[in-house]
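Undergrad: Below are the chains, spelled out letter by letter.
Number of protein chains: 2
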Amino acid sequence: MKRPIGIFDSGIGGLTVLKEILNAMPGEDTIYLGDTARVPYGTKSAETVTRYSFENAKFLLKFDIKLLVVACNTASAYCLPQLKEELSIPVIGVIEPGAKKAVEVTKAKRIGIIGTEGTIRSGAYFDAIKTIDQSIAVFTQPCPLFVPLAEEGWTNNQIARMTAHAYLNDIKKQWIDALILGCTHYPLLKSIISDVMGNTVTLIDSGHETAAEVAKCLMEKNLLKTISSGESFHRFFVTDSPERFRQVGSRFMGTRLNNVELVNLED
Amino acid sequence: MKRPIGIFDSGIGGLTVLKEILNAMPGEDTIYLGDTARVPYGTKSAETVTRYSFENAKFLLKFDIKLLVVACNTASAYCLPQLKEELSIPVIGVIEPGAKKAVEVTKAKRIGIIGTEGTIRSGAYFDAIKTIDQSIAVFTQPCPLFVPLAEEGWTNNQIARMTAHAYLNDIKKQWIDALILGCTHYPLLKSIISDVMGNTVTLIDSGHETAAEVAKCLMEKNLLKTISSGESFHRFFVTDSPERFRQVGSRFMGTRLNNVELVNLED
Chain A
1 MKRPIGIFDS GIGGLTVLKE ILNAMPGEDT IYLGDTARVP YGTKSAETVT
51 RYSFENAKFL LKFDIKLLVV ACNTASAYCL PQLKEELSIP VIGVIEPGAK
101 KAVEVTKAKR IGIIGTEGTI RSGAYFDAIK TIDQSIAVFT QPCPLFVPLA
151 EEGWTNNQIA RMTAHAYLND IKKQWIDALI LGCTHYPLLK SIISDVMGNT
201 VTLIDSGHET AAEVAKCLME KNLLKTISSG ESFHRFFVTD SPERFRQVGS
251 RFMGTRLNNV ELVNLED
Chain B
1001 MKRPIGIFDS GIGGLTVLKE ILNAMPGEDT IYLGDTARVP YGTKSAETVT
1051 RYSFENAKFL LKFDIKLLVV ACNTASAYCL PQLKEELSIP VIGVIEPGAK
1101 KAVEVTKAKR IGIIGTEGTI RSGAYFDAIK TIDQSIAVFT QPCPLFVPLA
1151 EEGWTNNQIA RMTAHAYLND IKKQWIDALI LGCTHYPLLK SIISDVMGNT
1201 VTLIDSGHET AAEVAKCLME KNLLKTISSG ESFHRFFVTD SPERFRQVGS
1251 RFMGTRLNNV ELVNLED
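Respectively, the protein sequence lines represent chains A and B.
Residue numbering for the first sequence follows the numbering used here, starting at 1 and increasing by one per position.
Residue numbering for the second sequence follows the numbering used here, starting at 1001 and increasing by one per position.
Calculated from the structure, these hints are not laboratory results.
Some hints here could point you the wrong way.
Stated by the list, open to error - Simulated restraints, written as ranges between beta carbons of each label pair:
#, chain 1, residue 1, chain 2, residue 2, range
1, B, A1108, A, K62, 54 to 60 Å
2, A, A46, B, N1023, 36 to 42 Å
3, B, C1217, A, S194, 54 to 60 Å
4, B, R1003, A, P81, 44 to 50 Å
5, B, N1199, A, P81, 57 to 63 Å
Ideal Cβ positions, reconstructed from N, Cα and C, are used throughout, including at glycine.
Generate the whole structure from the sequences, applying the supplied hints.
TA: Given below as structure tokens:
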């Protein structure tokens, strides 16, 4: 099966999900689209994010992708059901896998969620958890500064530490034992978030859980790439500033990004 | 003269410019457009920012504006000459007034500029200063976290202070005596920036200088509103999330924002 996996995000953050996918399935071919001209989605309305998401999906479908990963929490929150309904290939978002894992992990039945304002406001993680287990208590906290901190590479300095304390102090007092990193940028700040929350709280990386879900889905549908299919390729498309994506993205992926191409979705 | 002044910005930051305009000319009518669906401009390419700016201008021209203020440093940096050439009304950006004032103020002939990555990369302030006085030494520093700090309202806490130190330490060592706040969000952090830089450095608020330029231009062209023209009106348009604009924007303006209307520029 030589068809690639398609992944889109509002920008750079989804690369942490791609990284997890490649860790789980190293041989797979991938096409990544970062909508960097219209980033961030987190502060935009549901209508706007839905429109953008369909444009992104349409672009990726041109590459005959076998599965679509919506590697953006805001987009997953706002329009995953619609994408699933209208597309003929499997569509996997980052909300459900993260929520499912958190429910598995919590013994206290108390889960925290951090993310962008949009993701938190959407209530998507909250709803996904409550659908599985109504009795679980859920606590949320938007952390707007985590995204620029991650992009700046300030992931382990005193400013990041104090910011983490400022955002997490209240949620820490709620005796949660699982915390969902509900934004794809946040895994870069994992070590600081973990320090602040302490070792009684398990951090749930939605990207990691999503990759496991993708592997399971491809296996079930017999769509995994066979080893004999040759070398894998990874293409990256952005709607603006390939240079910045290359630079910051390399930090996110932990490897140099080549093949970053500019594309205009509005044509 | 009952025609309003038109002002656009990529989002909320331009409100600090509007505030200065209303301080300088309290009776004027204004139409403000915040392109919140496509914010930020600072990380986008010159082509994209130029296209968006012309769409913004086109929208404002429908209101028979008598003067256009480009209250966005990135847009001013990338396309002010083009806007001036194609529009039949006066167009004033935020770069030149700030640069001019800094040149007036500096005795050491050493000026610092802080702004978004896009503004700094564009070299617009640098060029504007060098055009006036080739002999002035110019030092620049992008400060990406200042924007989310201002929007979060974290303008006077320890995190803002440490961030200011981290960004400004190098530029402080250059013995500058004037520092241009080259981003409309930064006036909210003025007191912390001033503390870090010390009292030998004059902070130049581009918005304040732009307002003075607008007043001068309207006076020269006899376009100032006469007192007898009755009460003034202020309308606000955004391309996304009026609620968030109302909420954060009220902090920027120091007064409650009414009349925030949603508009779709892509129709």
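Undergrad: Against this structure, judge whether each hint is valid.
TA: How the hints compare with the structure:
1. Here the CB-CB span from B/A1108 to A/K62 is close to 57 Å, well matched to the stated 54 to 60 Å.
2. Between A/A46 and B/N1023 the Cβ separation comes to about 37 Å, which falls inside the hinted range of 36 to 42 Å.
3. Between B/C1217 and A/S194 the CB atoms are about 56 Å apart, so this pair conforms to the stated range of 54 to 60 Å.
4. For the pair B/R1003 and A/P81, the supplied restraint of 44 to 50 Å holds, since their beta-carbon distance comes to about 48 Å.
5. For B/N1199 and A/P81, the hinted distance range of 57 to 63 Å is satisfied, since their beta carbons lie about 58 Å from each other.
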